[in-house]
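Construct all of the structure, not just a fragment, from the sequences and the given hints.
The residues making up each chain are set out below.
There are 2 protein chains.
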Amino acid sequence: MTVTYEEAGVDLQAAADLSHRVQMKLGTGLFGGFVPVDDLKEYEHPVLVSSVDGIGTKTRLAASLQVTHGLGRDIVHHCVNDIAVHGATPLFFVDYLAFHRLDSSLADRLVDDIDRACSALGISLAGGETAEMPAVYREGCFDVAGAIVGVVERGGIVDGSRIRAGDALVGLPSSGPHTSGYSLIQALFGEEDLRALVPELGNTLGDALLASHRCYLGEIRQALSLGGVHGLAHITGGGIVGNLSRIMPAGLQAAVELPPLPLVFRLIQDRGVSATEMRRVFNLGIGLIAVCDRRIVERLPADWRVLGHVVETRDDANRVVLEQSRSPTSNGKEMT
Amino acid sequence: MTVTYEEAGVDLQAAADLSHRVQMKLGTGLFGGFVPVDDLKEYEHPVLVSSVDGIGTKTRLAASLQVTHGLGRDIVHHCVNDIAVHGATPLFFVDYLAFHRLDSSLADRLVDDIDRACSALGISLAGGETAEMPAVYREGCFDVAGAIVGVVERGGIVDGSRIRAGDALVGLPSSGPHTSGYSLIQALFGEEDLRALVPELGNTLGDALLASHRCYLGEIRQALSLGGVHGLAHITGGGIVGNLSRIMPAGLQAAVELPPLPLVFRLIQDRGVSATEMRRVFNLGIGLIAVCDRRIVERLPADWRVLGHVVETRDDANRVVLEQSRSPTSNGKEMT
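Chain order of the listed sequences is A and B.
The first sequence begins at 1 in our numbering and counts up by one.
The second sequence begins at 1 in our numbering and counts up by one.
Keep in mind that the hints were calculated from the coordinates and are not lab data.
In this text the structure is predicted, and so the values were computed from the model without any measurement.
The reader is advised that the hints may include incorrect statements.
If chains are identical, the list can't say which one is meant, so a pair holds when it fits in one copy or spans any two.
Said to hold, decoys possible - Pairs of lysine to any residue, SDA-like flavour, derived with a Cα cap of 25 Å:
#, residue 1, residue 2
1, 41, 222
2, 41, 218
3, 41, 227
4, 41, 196
5, 41, 122
Here you go:
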């Protein structure tokens with residue numbers, strides 16, 4: 001008896017072919033990826049900022065609807081946002097793709113999509129790893145993860161430490177659930193629900209749910225250039241409370257007035273998800289929150305909406321308090 | 001009906017608890033990890049070198065034998081070797097852990113182990129992501145991946161381009177299959193085989209197979225300090241041919257005389273794996289190969305063994321040729 005790796009479920013040739021194509025794209029067949037950083041010498045005290053993330057079970061929804069072309073953007077944008085909120089300029093990205101069975105054309109599409117998302121933001125795609133693990137992944141399943149590295153001047157790190165009472169809370173819309181809550185979503189909706197056209201969405205529910213994770217890099221840079229931005233929170237798993245809490249200093253509380261739920265989140269809630277659970281899992285239509293000097297609010301572009309303000313508190317266990325907007329149509333930039 | 005995320009199979013509280021513990025360890029609850037790099041200013045032309053990897057289905061073997069304490073070291077050492085072979089000094093590491101069901105005590109153990117492996121090498125653990133995806137991973141399964149970032153002076157990059165005919169090939173032993181070939185291994189051996197003591201190994205087969213991926217950072221630094229090292233190859237999936245080929249310049253061929261197979265690889269081969277397949281999948285006992293000026297060979301520590309030399313060739317399709325050692329006991333440092 002002769003046993004091959006292929007019989008054990010791993011197609012080394014497909015992996016080698018993919019690896020070759022990826023190398024051509026990356027310009028290296030070496031063990032590591034190279035990013036020259038002579039520019040770092042212009043920083044007085046350069047600090048590298050990194051983040052690693054996955055896009056969770058959004059891969060499964062995409063695979064079941066055969067719409068996988070946005071997943072590369074999802075992981076790149078998710079990672080970029082996580083370091084942009086600290087004031088960092090992204091330098092390079094590396095991806096990690098793992099499959100039940102290596103599907104070369106899917107893997108190629110993912111790498112192409114990642115590469116395009118990086119190029120559009122001026123980031124190098126410095127490397128990647130593709131794994132085939134039939135014994136670990138369920139049939140037809142795959143995982144998309146990645147890590148980003150950027151740089152920020154030490155004195156320019158945005159981490160919430162300058163937040164003070166009276167600061168304004170302003171937010172930018174999300175494009176949907178981004179990359180959070182997809183296990184719950186798939187427990188709620190069957191394929192028929194997902195493929196059905198929802199006239200008010202102008203789209204099928206599935207396509208609306210697969211909208212790419214919005215990238216906030218440009219908006220963050222623009223806001224930071226105004227001065228007076230004291231903290232930025234990327235709203236992902238854990239929702240507004242879980243994520244905004246990460247940057248709120250002791251003794252202060254963010255009082256957030258939730259804007260009306262976008263339709264896609266109302267459709268989810270209508271399937272029987274409690275308001276508490278919705279807040280714990282989803283971004284509820286707000287993908288980024290900035291805490292800033294209230295004097296800069298009116299200089300922000302119209303896309304930003306005022307969500308509340310920062311007050312003093314003795315209740316350090318609740319650094320963020322959410323209230324549903326009293327008027328379902330209030331979404332202007334006036335402070336309440 | 002009220003549906004919670006937990007009913008959909010994701011335990012956000014366990015994830016938050018873990019995240020809290022990891023944050024305590026990392027000293028940040030922020031969106032990205034911070035690594036000050038003032039030292040980079042001492043480089044004339046700093047180049048960041050990165051690599052991303054996973055440890056494949058070794059996780060499954062470890063889980064089935066309930067010996068998971070070495071997996072953190074596996075991923076850190078795998079990644080460190082991949083940039084050390086280019087002459088880079090590792091700066092920081094980020095991990096990605098994904099589970100069918102989040103097992104907090106396992107996740108804690110993995111993060112502890114990763115943290116210890118990083119500390120031992122003077123590397124920062126700058127961040128990590130933990131995902132729970134019951135719909136994507138098989139029951140009881142998990143994935144361990146990570147990315148490393150290091151730095152090298154542009155002029156000091158080791159990439160094989162200085163390799164020339166007459167150079168010596170020297171190698172360092174592996175500690176076992178490291179992190180390659182575990183799907184095949186688990187197709188060959190059942191739990192009874194793995195738990196059985198193999199007297200010649202002084203260990204059970206399972207424990208021998210779970211030996212941690214050896215880290216070559218110290219040995220590589222020492223060799224580089226001698227000057228005359230023209231290329232370094234980390235032998236992982238793809239074996240000696242697949243990996244050494246990555247650094248061999250056109251027109252040159254590495255003629256490698258394979259040392260006798262260590263017992264653990266003979267036990268694998270004895271289950272019916274062809275010699276060709278063995279060479280394609282496993283490191284066969286050699287985890288690192290250096291291509292260097294033959295004059296430095298005798299100044300290398302005794303752990304290095306001579307494996308062959310570089311010759312000119314017109315056969316660019318075969319940059320590495322393997323031959324089985326004629327004398328099964330020849331393992332000295334004399335060149336043949």
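**Request:** Would you pick out the hints that fail for this structure and give their numbers low to high?
**Result:** Of the numbered hints, just 4 does not hold.
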